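Chemist: Chain by chain, the residues run as shown.
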Amino acid sequence: MKVVVDMTLCQDHGQCAIAAPEVFRMDEDSKLVFDAEPDGSLSDAVQDAIDVCPVQAIFLER
Amino acid sequence: MPPTVVVVGASLGGLRAAEQLRAQGFGGRLLVVGAEPWMPYNRPPLSKEALGRGAGDGTAADLAAALAFRPRAAAHDVGWVLGRTAVGADLAARTVTLDDGTVLGYDALVVATGLRPRRLPVERPAGGRFTLRTADDAAALRREVRPGARAVVVGGGFVGCETAGTLAALGCRVTVVEPLPVPMLRGVGPELGTALLTHHREAGLRLETGIGVSDLVGRDDRVTGVRLDDGSVLPADLVVESVGSYPNVEWLAGNGLDLSDGLLCDNDLRVEGRRDVVAVGDVARFPNPRFDEVPRRVEHWCVPGDTARRAAATVVAHLAGAATSPEPFAPLPAFWSDQLGLRLQSFGAPRLADGADVVEGDLTDLRAGVAVVHRRAGRVVGTVLVNVPAARHAGYRSLVADAAHPVGHRV
Ligand SMILES: Cc1cc2nc3c(=O)[nH]c(=O)nc-3n(C[C@H](O)[C@H](O)[C@H](O)COP(=O)(O)OP(=O)(O)OC[C@H]3O[C@@H](n4cnc5c(N)ncnc54)[C@H](O)[C@@H]3O)c2cc1C
Ligand code: SF4
Numbered sequence: 000m001k002v003v004v005d006m007t008l009c010q011d012h013g014q015c016a017i018a019a020p021e022v023f024r025m026d027e028d029s030k031l032v033f034d035a036e037p038d039g040s041l042s043d044a045v046q047d048a049i050d051v052c053p054v055q056a057i058f059l060e061r
Numbered sequence: 000m001p002p003t004v005v006v007v008g009a010s011l012g013g014l015r016a017a018e019q020l021r022a023q024g025f026g027g028r029l030l031v032v033g034a035e036p037w038m039p040y041n042r043p044p045l046s047k048e049a050l051g052r053g054a055g056d057g058t059a060a061d062l063a064a065a066l067a068f069r070p071r072a073a074a075h076d077v078g079w080v081l082g083r084t085a086v087g088a089d090l091a092a093r094t095v096t097l098d099d100g101t102v103l104g105y106d107a108l109v110v111a112t113g114l115r116p117r118r119l120p121v122e123r124p125a126g127g128r129f130t131l132r133t134a135d136d137a138a139a140l141r142r143e144v145r146p147g148a149r150a151v152v153v154g155g156g157f158v159g160c161e162t163a164g165t166l167a168a169l170g171c172r173v174t175v176v177e178p179l180p181v182p183m184l185r186g187v188g189p190e191l192g193t194a195l196l197t198h199h200r201e202a203g204l205r206l207e208t209g210i211g212v213s214d215l216v217g218r219d220d221r222v223t224g225v226r227l228d229d230g231s232v233l234p235a236d237l238v239v240e241s242v243g244s245y246p247n248v249e250w251l252a253g254n255g256l257d258l259s260d261g262l263l264c265d266n267d268l269r270v271e272g273r274r275d276v277v278a279v280g281d282v283a284r285f286p287n288p289r290f291d292e293v294p295r296r297v298e299h300w301c302v303p304g305d306t307a308r309r310a311a312a313t314v315v316a317h318l319a320g321a322a323t324s325p326e327p328f329a330p331l332p333a334f335w336s337d338q339l340g341l342r343l344q345s346f347g348a349p350r351l352a353d354g355a356d357v358v359e360g361d362l363t364d365l366r367a368g369v370a371v372v373h374r375r376a377g378r379v380v381g382t383v384l385v386n387v388p389a390a391r392h393a394g395y396r397s398l399v400a401d402a403a404h405p406v407g408h409r410v
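Chain order of the listed sequences is R and L. Residue numbers for the first sequence follow numbering that gives the first Met the number 0, so the first one is 0 and each next one is one higher. Residue numbers for the second sequence follow numbering that gives the first Met the number 0, so the first one is 0 and each next one is one higher.
If you're looking for bench data, these hints aren't it; they were derived computationally from the structure.
Computed list of chain L residues with no C-beta within reach of chain R, every gap over 10 Å:
(1) G78
(2) A148
(3) A202
(4) D229
(5) Y245
(6) A321
(7) A402
Pulled a few chain L residues facing chain R out of the computed Cβ check, cut under 7 Å:
(8) G304
(9) P388
(10) A389
(11) A390
(12) H392
(13) A393
All values reported here derive from a predicted model rather than from experimental measurement. Built from N, CA and C at the ideal position, the CB exists for glycine as well.
The task is simple: from the sequences and hints, build the whole structure.
Modeler: Below, the structure written as structure tokens:
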């Protein structure tokens with residue numbers, strides 16, 4: 000599973016970090032950092048993060 | 000014959016319902032009927048960056064395409080019936096009738112018809128007046144926006160204030176008229192509302208609060224001004240009416256349902272008295288045991304997703320002849336708003352509060368970051384954060400989540 004975030008869209012809402020904290024995190028400057036190749040067992044959590052991103056910036060490449 | 004589920008309403012709620020039905024194993028026929036001709040698209044940018052792209056001849060189709068959601072792969076075989084409106088339903092016969100006369104039979108029905116804007120109760124002048132709910136609305140407004148234009152936004156709620164801020168950034172001279180003493184009063188409470196009023200005025204917006212609109216004035220059926228309750232007239236080249244909304248439920252009339260404020264549902268999103276009809280999104284009025292037993296509609300972007308998950312589970316259980324989950328459905332509402340350089344983020348239900356405390360920052364300097372915690376009878380029910388870095392949102396969210404336990408599920 001490969002996670003891609005379109006950083007030109009991302010507005011640092013941080014909703015993904017609430018939905019899937021194992022994969023997405025807001026750093027000290029409240030910028031998004033994420034694991035681009037999370038374990039397959041986290042695919043539901045990643046899908047939740049994709050759903051809750053208000054600007055639909057998160058993509059999945061299989 | 001495999002069972003059929005019909006979803007009426009093809010926006011966020013309808014899309015998420017279809018996706019969740021597939022994700023939860025529904026393998027039958029799945030139809031989504033939508034009055035708008037476009038695939039589901041994201042509405043919040045319509046008052047923010049999508050409007051802010053400015054004057055232009057971008058069509059509604061361009062806007063809807065640019066803001067379209069990417070449906071999950073599992074929803075690839077959904078039948079989209081777009082540009083068609085449901086005009087009637089017979090819940091006893093289990094049919095929905097569309098505006099072209101088509102009658103769709105269903106085994107389960109998902110109502111996701113959302114809201115439409117309320118208008119000022121003034122018919123004429125008709126020209127130069129706008130609302131903001133759809134891509135069509137936003138495209139029409141964008142065509143009229145010119146630097147220097149005098150814009151009056153009637154209604155100082157979240158969408159009204161966002162629209163006002165965006166129009167001001169596009170060079171319009173903007174006045175907001177709000178009958179309550181401060182903007183966004185219900186959503187943020189009086190203390191923060193007062194601070195936002197001051198902030199927005201300092202940012203160059205004119206806000207007339209504590210006064211209503213009595214009439215519109217115009218020439219050749221085009222608006223030229225807005226008359227206030229005290230008789231004064233604000234000159235206007237364009238008027239945006241942001242005065243609340245009506246749930247789209249008329250098509251369900253005649254079935255003995257309570258349609259007084261959206262569609263009354265139980266905690267499984269099941270429409271009162273019907274085992275095979277559920278509602279999702281802005282139109283659903285459901286109790287949230289996190290707060291109390293009172294059914295309420297919640298006009299937040301997160302609600303279609305949360306309710307669709309539970310409603311889909313209810314439908315799948317019904318079709319299998321199984322019981323629904325005993326776990327109470329108690330979503331934690333979340334809402335954000337971007338206006339005049341501020342990002343507001345709320346968790347929980349601040350509007351239920353009877354008191355609020357500033358726990359971080361200073362109301363006289365919203366830009367630097369302020370956190371307000373809202374309580375009802377001493378218990379935390381919500382929080383509103385202004386320009387608080389997103390890294391700390393999760394902490395505030397937990398504060399609300401931990402305090403407002405589902406009724407009967409206290410730890
Ligand atoms: C301008 C704007 C800005 C917003 N900003 C924010 C924000 O910043 N943060 C936030 O949390 N929320 C925001 N929201 C709210 C959020 O967009 C809504 O909560 C969300 O769109 C609700 O989705 P829904 O699917 O329930 O309803 P809707 O989006 O209203 O969709 C209902 C759909 O059903 C269709 N329909 C209605 N009647 C029929 C019928 N009889 N037959 C067939 N189809 C029908 C309609 O055409 C519509 O497409 C904003 C909303 C607007 C309009
Ligand atoms: S939710 Fe979306 S916008 Fe917010 S940080 Fe995550 S990717 Fe960025």
